Every structure is written in C-alpha cells, then in structure tokens.
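Those protein sequence lines, which keep their order, are chains A and B. Quick note on my numbering: the first sequence kicks off at 1 and runs consecutively. Quick note on my numbering: the second sequence kicks off at 1001 and runs consecutively.
Every beta carbon over 12 Å from chain A, so not counted as near; a handful from chain B, in silico:
(1) L1003
(2) L1026
(3) S1165
(4) G1214
To be clear about the criterion: a stretch of chain A counts as covered by chain B if any three or more of its residues have a C-beta under 8 Å from a C-beta of chain B, and this derived list gives those stretches:
(5) 58 to 72
(6) 214 to 226
(7) 243 to 249
(8) 272 to 282
Selected chain B positions facing chain A (in silico; Cβ < 7 Å):
(9) I1034
(10) T1038
(11) V1048
(12) V1055
(13) L1074
(14) L1080
(15) P1083
(16) A1089
(17) G1096
(18) G1104
(19) C1176
(20) A1177
(21) D1179
These aren't lab readings, by the way, just hints derived from the structure by calculation. Small disclaimer: the values here were computed from a predicted structure and weren't measured. Ideal placement from N, C-alpha and C gives every residue a C-beta, glycine not left out.
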Amino acid sequence: MISHVATRTATRTASLRTAVGRPAGDQTIWLIGASLLLWMLVLRVADPGSVAEISNFVLVFLAVAVEALPFVLLGAAVSAGIAVFVSDRAFGRISRLPVRLQMPAAIAGSLAFPVCECGSVPVARRLLLRGMHPSAALTFMLAAPVLNPVVLFSTYVAYQGRAAPEMVIGRAGVGMIVAVVAGLAIGRRSERLLSSRSQEHEHGHDHSHESRGKAFVGHLTGDLFFMGKFVVAGAALAAMMQTAVPRSVIEGVTTAPQLAALLLMGFAFLLSLCSEADAFVAISFTDFPLSSQLAFLTFGPVIDIKLALLYAATFGWAFVGRITAVTAGTVLVAAMAFHALIS
Amino acid sequence: MRLDPTRTLRSVALAAWAGLFTYLWLSGRWAEFIGPRTEWVVPFGAIVLIVVTVVSLVGIRTSGPVQRPSVGELVSVAVLVAPVLALIAVPEPRLGALAAENKGDAAPLVLDEDAERDAATPADEELELFDVVAANNGYADTVGVGSRVKLTGIFRDPDRETATSFLVTRFRISCCAADAQGYSVRVEPAGRPPKDVEQDDWVEVTGTMARSGGEWIVKGTKAREIEPPANPYLTGS
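Kindly generate the complete structure, drawing on both the sequences and the hints.
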C-alpha cells in the first residue's frame, strides 16, 4: 500500500516536472498574459490600496524585495567574478587544503564580505562549485551575514545603555559558533548532496566559448534569475506574516528563558528581517530576557522564510531541514549559556 | 536572425526591474520603502540593472533554432516581476494603524547627542512627536506641563464613538519598511476628534503638554488633515 502511494506520488511529481519543463503552447502564453492583465485591471478599478491589509502587505513586500534584490545582484556579481576571473589553479590550491585550514579562511572571508544574507548564498554556491569543501563554503555563507562590521555596529547602537558590549560579543560569538557547527555538521554529511545540487543549476550555463565579459554577464543573469524569484516569493511570505501576525501573540507569555528563546526564534523566522536592522526590532521585545533577544539575532540571519526558499532552490529541502535543526539546537544552547553568564 | 523568446522574456523582466529601481531613484519615492542605511541599493540596483538589461537585449537575436519558453520559465518571470505589478496595482501603499497595532509601540532610542540636549531645552520651545515619546520614557526631565507641541503623523482612532482621545503615530525605519517601529502620542482634543479625518489619514496637531494618568499627553487645540510627507518616517542609525 505504502509503495503504491509512493509510486503514484513519484509519477505525479515527474509528470508535473515534465509539464513545467515543456515549451509553453500558444494557449498557455495567452492565458498567463491575459490573466495578469485582467488581474491588473481589476486591482486598479477596485482600489485595493484603500484596504489597510493590502496596503500594508504591498509596502512591506516591495520594501523587502527592493532591499534584497541588489544584494542578490552583488552576490551574483561576486559569484560570476569567481567563476570567470579566478583561475582554476588558485582554487585548486585552496581545495587541496585540509578542512581545518579552509574553515578559518572561510571565517576571515566572511569578515571581508559585509552583505546581507541574500548576497552570500550565490557566493557560497560558487565556492562549492570551484572545489571548496562544503563545510568551509557553508561556514562562509552563514558567518558573512553576522560577522560583518555593519551588523555588529548596528547591534551596538541598538543596545546602547542596555548591555551593548555583551550583546555585540554574544552575537559575534554565537554567530561564529553556529556557522562552524552547522558548516561541519551539515557540510560533512551532505557533501555529495550539496555539490550535486549546485551543479544541477549549472546545466545549460556553459559560457566557456564566450568572451570573459559575456560569460560574466551570463553567469550574473543566470544567478539573478535563479535566486531572484525565491527572494521575491520569500518577500511576499514575510509581508504576509507581518500583515497577519501581530506581536501580541507572543507577548504576555511566560518568560521562562528557554521558551522565550524558542518564541523569538520562531518570530525571527517569520519576520525575515535583514541582519543589519534586526537589532532595533530585537530590543523592542522588552518583556523578553536578553538571552532570547540574542537567539532572535543569531537565528534569523541563518534561516528565515526568505532564506528557506533560497536554500531549497540552491541546496534542496533536505538541507533546509538540517540547517534549521542544527541552528535551532546550537542557538538555544548558546542562548542558555549566555543567560547563565549574564544573570 | 530571429528573436530568442526566452532571452526576450528575461530581458523584459530585467527591464521591468530596471524601470522600477530607476523610477524609485529619480522620483525620490525610495524613501517610502528604504531607510537611510541602505539607500545606496536603489541607485546601485538601477545602474546595474540598466547595464545588464542592455547587455541582455544585445543578445536576444539568434541565428540558431529557437525554442519557446517553458511553462516553468513563464511562471518564474511572472513571479520575478510581481513587485513591479504590485506597485502598479497599489501605487501608494502606506503603513498605518494596522502596522502600528501589529508591531506595538517601541521604546524610544536616544538617537544622538541632540536628544540629550533637547532634554535640557526650556519648555518654551515647540516640541515634536519624538520629544513627547522620549518624555514618556524618562529621557527628557525638563519638558514641562504647558510646553507647546506640534505633532504630525498618522491619525489612529481606536474607538471613534466613545473615545475622548486619539493617537498620532510615526514610524521609524532603519534598513527598510519591514523593520518599522511605531511611536505614538495620545492627544486629548478640545472637543470631539476631527470629523473629516479618518483612520490612517495624516494629521497635524498643535497643543500643549499635559499629564494624564502618569503619561505625558498632548492637550490638542487644533487638528487638521495634511498630505503625507515625501518621507513619512523618522529615521535614525
């Protein structure tokens, strides 16, 4: 019975993939185009902006998408640069280094790459393709959004007068621990999965016969289109959460530190904030202990709605499950240790 | 040479995004979505997207066989241009009472040294919304009863029929509107709240500082509807 259901599901999935992948017929193109046009006309006539929920949703949706896309562009540009301008010999030397030497290089690289988390994903994928050990590439990807001067300075400013040095050191420390632990735990176990998923996207992106300039633009637009749609979808989901879920659902709850940390980690997942601004939101949770605010600040940059979709597209849903589990566990333990230290 | 449908479609999507970023940049409307910390993303995005669009358009002709874009490709492009379509459908989205209620009121931050200097300002200088909020959180000791106040912000009237006061709210953003935090001041008007002003309208209220139930409020003498400012946010680091 179970094998019959599994077979039917696999068949349906294969059929769906075939349907999505086949060239669109005239009818399909006209249908999609006409639907979009009709939707636009209906919306203009109906004046949806007068509905508070729609206005709020569109504003947050646009804000997140407009802010995130340039970082994806930046990451795609760096990724394209690595693909086109960095020699195979240079990467050959790096990839032959043992993992225990690649990891510190990854941490150092993250300090020099101060971008939002959307920008570090395409770079990490490119590093994987060029032979860097998955543990090191993942460590870079997870450390860059937190271990950068802009994020740490924002955290300091937000917490001025309220344990700013402790929160900055805590955020940097826990961020680094999470990056290394997740990098080692997932990178080692998922080496084949991460490499194969990264290579899947490269099929049909052979730019070896083109000039370097054309190849650079080809890689850049390829990454932009591949990642951009997931960033937009993630922005829409984050906007939906911000419109539909009030903060009052988590306020007034017991402030047992473990539960508080888990609640704020869940909220960080839903809000999908940029790591350069989330400290100002974290500090507003005045009913919650500092350890739970630290959990908010270290969980969100690693995994949120937007990133979950981006990771799923780049590395697969199995990766999303693993990174969520490893990050949640590590952040919770670190937050409790922080709570014990500062109490 | 023929047009490659897939490359043409992608070029159209890139052009739509380039157009969006350029529009936000040149019109100044980026300030409705993006904070000062990340304002550079708009001109950066506009310039890079224009360049990438032009390069993409150069390559849309092909002498080889052409294939129609797949259904998946069409849906991907539709998703990618959804923000552009959203702005066309809702040209003036705003944060209002719903966002203020969802996010709750934030504790104010001392933005810079001027805030501490303002605390020592004699009560005869006209105060603004953030001064009242700061006073409610103990930052300004010398703000006294009777200080003149002029507030501009979003009108919030939780219960029009029975309330004897309303709220004026401003949002503060850092990176983008997603991290907006609300700051509200209670106004007790002389008489009923203004009839022609509705929830989420922008208002200008003049009055004086007063104490009510342990809270600094504004005893309003005049309230009128105004146009939303070009930059609706209080901004800080």
